[in-house]
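Please take these sequences and the hints and turn them into a complete structure.
Protein chains: 2
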Amino acid sequence: MEADLVLRRARLLTCAPLAEEKPRSGHAAADVGAVADGWVAARDGVVTATGHGDGWEALERSIDARVVDVEGRVVMPGFVDPHTHLCYAGERWDEFAARRSGADYLAVLERGGGIHATVRATRDASDEALLALLRRRIADAAVAGTTTLEVKSGYGLEPEEELRQLRVIARARASAPIDVAPTYLGMHALPTRHADDRRAFLHEVVRTVRIVAEEGLAEAVDAFVEKGVFETEEVRPVAKAARDAGLALVLHADQLNDVGATEFAARMRARSADHVANASADGLRALARAAIPAVLLPGSAFFVGYPPPDARRFVAADVPVAIATDHNPGTSPLEGMPTAIALAVGLCGLTPHQAIVAATINAAHALGRGARTGALVKGRRADVVVLETDDERELAYRLGARLVAQVYASGRRVDAA
Amino acid sequence: MEADLVLRRARLLTCAPLAEEKPRSGHAAADVGAVADGWVAARDGVVTATGHGDGWEALERSIDARVVDVEGRVVMPGFVDPHTHLCYAGERWDEFAARRSGADYLAVLERGGGIHATVRATRDASDEALLALLRRRIADAAVAGTTTLEVKSGYGLEPEEELRQLRVIARARASAPIDVAPTYLGMHALPTRHADDRRAFLHEVVRTVRIVAEEGLAEAVDAFVEKGVFETEEVRPVAKAARDAGLALVLHADQLNDVGATEFAARMRARSADHVANASADGLRALARAAIPAVLLPGSAFFVGYPPPDARRFVAADVPVAIATDHNPGTSPLEGMPTAIALAVGLCGLTPHQAIVAATINAAHALGRGARTGALVKGRRADVVVLETDDERELAYRLGARLVAQVYASGRRVDAA
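Residue numbers (this note's numbering), protein chains in the order written: chain D, -17 to 399; chain B, -17 to 399.
No wet-lab data here; the hints were simulated from the structure. C-beta atoms are modelled at their ideal positions from N, C-alpha and C, and glycine is treated no differently.
Quick list of the computed label-pair ranges, beta carbon to beta carbon:
1) B:S44 to D:D36: 53 to 59 Å
2) B:H176 to D:D36: 47 to 53 Å
3) B:A114 to D:A40: 33 to 39 Å
4) D:A79 to B:A156: 39 to 45 Å
5) B:A18 to D:E196: 46 to 52 Å
6) D:E370 to B:G54: 31 to 37 Å
7) D:A79 to B:G72: 38 to 44 Å
8) D:G37 to B:E370: 42 to 48 Å
If you want the ones that stay clear, here's a sample from chain D, every Cβ over 12 Å from chain B, calculated:
9) V90
10) P159
11) I193
12) E216
13) A227
14) G228
15) R267
16) A273
Derived list of chain B stretches under chain D, where covered just means 3 residues or more per stretch with a C-beta under 8 Å from a C-beta of chain D:
17) 67 to 81
18) 310 to 318
19) 375 to 388
Structural data, given as structure tokens:
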């Protein structure tokens, strides 16, 4: 066993899988696998071993191996942010002051504001301008401890423009210091041009799903299922096209109203069901049975002002819970998974340890990477965060503090400027 | 006019005083005094001039003058944090998970938990240990843009121990890179030893106020006026002692219940009335008449889980509004004034500009420094923050982002490590 990186004398949180390779729910939802005086070793960007005490000394080390004494600090899996809309131009701060409730948000949408303002600004941005913005946001996320980051398209609406944005995301991904998981958000809002012909638009989306798959531009297809936006039956043909093309399905489900999208997500074997603040008890049961993660997004509840999802309902129903920043310019401009953890604890009622599981191994499952990252276990990517503290609960409570001291993505330090 | 520091090509927010040297209320509450293509010049730590365009070129510059082109970024007064409890040892994260409502908080207090846990840990910490903790917290605040910082004692309860903590604060203050305003929180909770003799305790506090004043250990005396803690009539003799000794009075007023503490604060000409989430309409009118700032503390509302103060009530009633972190280990562990601004906007309903006024000039008034800092005006301390952005509203919305790029306290750069 060889190592080129050893982090030792850590309070080590492995978040190691328990019996099965499944996202965690129920009692396991808060098990971070803490090891006192722990260490983790990696070689070529992959975890080779973990342990406690002096066991690391027995490892064969490469000649330039770095052995870092973290002096009791927390060492844990890098954060996985499974839901972001980072590919955009323009800000909409004026809208924030005017809008304080969920109802208002739908009203803004109907007036052609909201997302449409971002659509215009993003369309008007050149590839290079959009790429520069996206790269800066990815770098900011990495410094804050995110080592796996989903990025959706979705501000094109028109399929051609969605493809352009996905190609920009592909360029950012190719040079990113962290793992970027691209998603084609094909059904975010109906483009104005198709206002009178929803079917034609859906046909185009189906056709685009195939192009996206052929060009390898995304791993999943996403749709915003909500009253006044898209219905589950409109998603069905797109979901089928995604499955046929080998792409996963994810859904913006029951964010503002219960429209049955959570049950639908379970029925369609979605990779995750996101938002779900208003999911019914049936929806929760369906997710639990299918072991599909619910991705809770407290940021948009905080900024839009609707009641945050009650995480305790999901934990009680044995639904695996993940969390994400939902970083986007319209409803959730918050930054960094530590902020998402603090809001998930403060607003949604997760415990700090549940929130850490939700931000690592369960979030990895929400991106189809449950066996690749999200846990410090032999064979997984060496995605590691070192905190400034010896108590990981500070992530939940020291809102605004800079707690992430070091970040390694596939074993490479990425936080230094 | 000579300058040793010029920050130019800024979106300059002066927060300059309007007609009178008073904290801002009503329509003026949102006036940040924005100047396009602005500049600010300082010499020996004091602002010498501000302007726009190339006017700075006419200044006589010292031989080693630094002229910084901020390329359109926001330059604004350093933040003033007028309410913190930074002098403590020990954390109480266990308590956070257990406690989710205001009622629970008072129940915890009655069981001898809550503040009493911090009192024990702080008493048990040596002067040197406490000083090291306090210095680190002051440095963290400075990096986050705070250039004037109130620090209360209050975890001694027993007057002798309060004096020890105030002496530790004095040592931290003497070496601090920013301006520290010490407060003697003499009436935080009744010490156990005095449980059966409140009068004896109050006598001791009165005696201690005189010692504090003689030794120059604090600028103000604070008391927690709340159901089950202290009553206004118990504060009266202490307030009188403070006035006689030349110290200001500040109050934790009507945080969880309306106990008439806000009117009392106005009647006693307090320097500020803090928390005031449950202040009555009469209380607001009294503050407005006396032009006394209400210091709103959204952090404790967020973490304890009680309804946040509705800032719009205060603005409508012409009360000058200030905000603070309330950084403390029991109810508000949040860090940095940008976080307080984001919560004040997201939870209390301030606009971004109102929150900036509340975090600068009005907060300076809340510390009796309304003529010395909090605004970029000739003759004031050169306490300056440069943001990473050209839009100060991002302070309100990019929760968790690192927006503070440079910090100058009395003209000296303090953010670099």
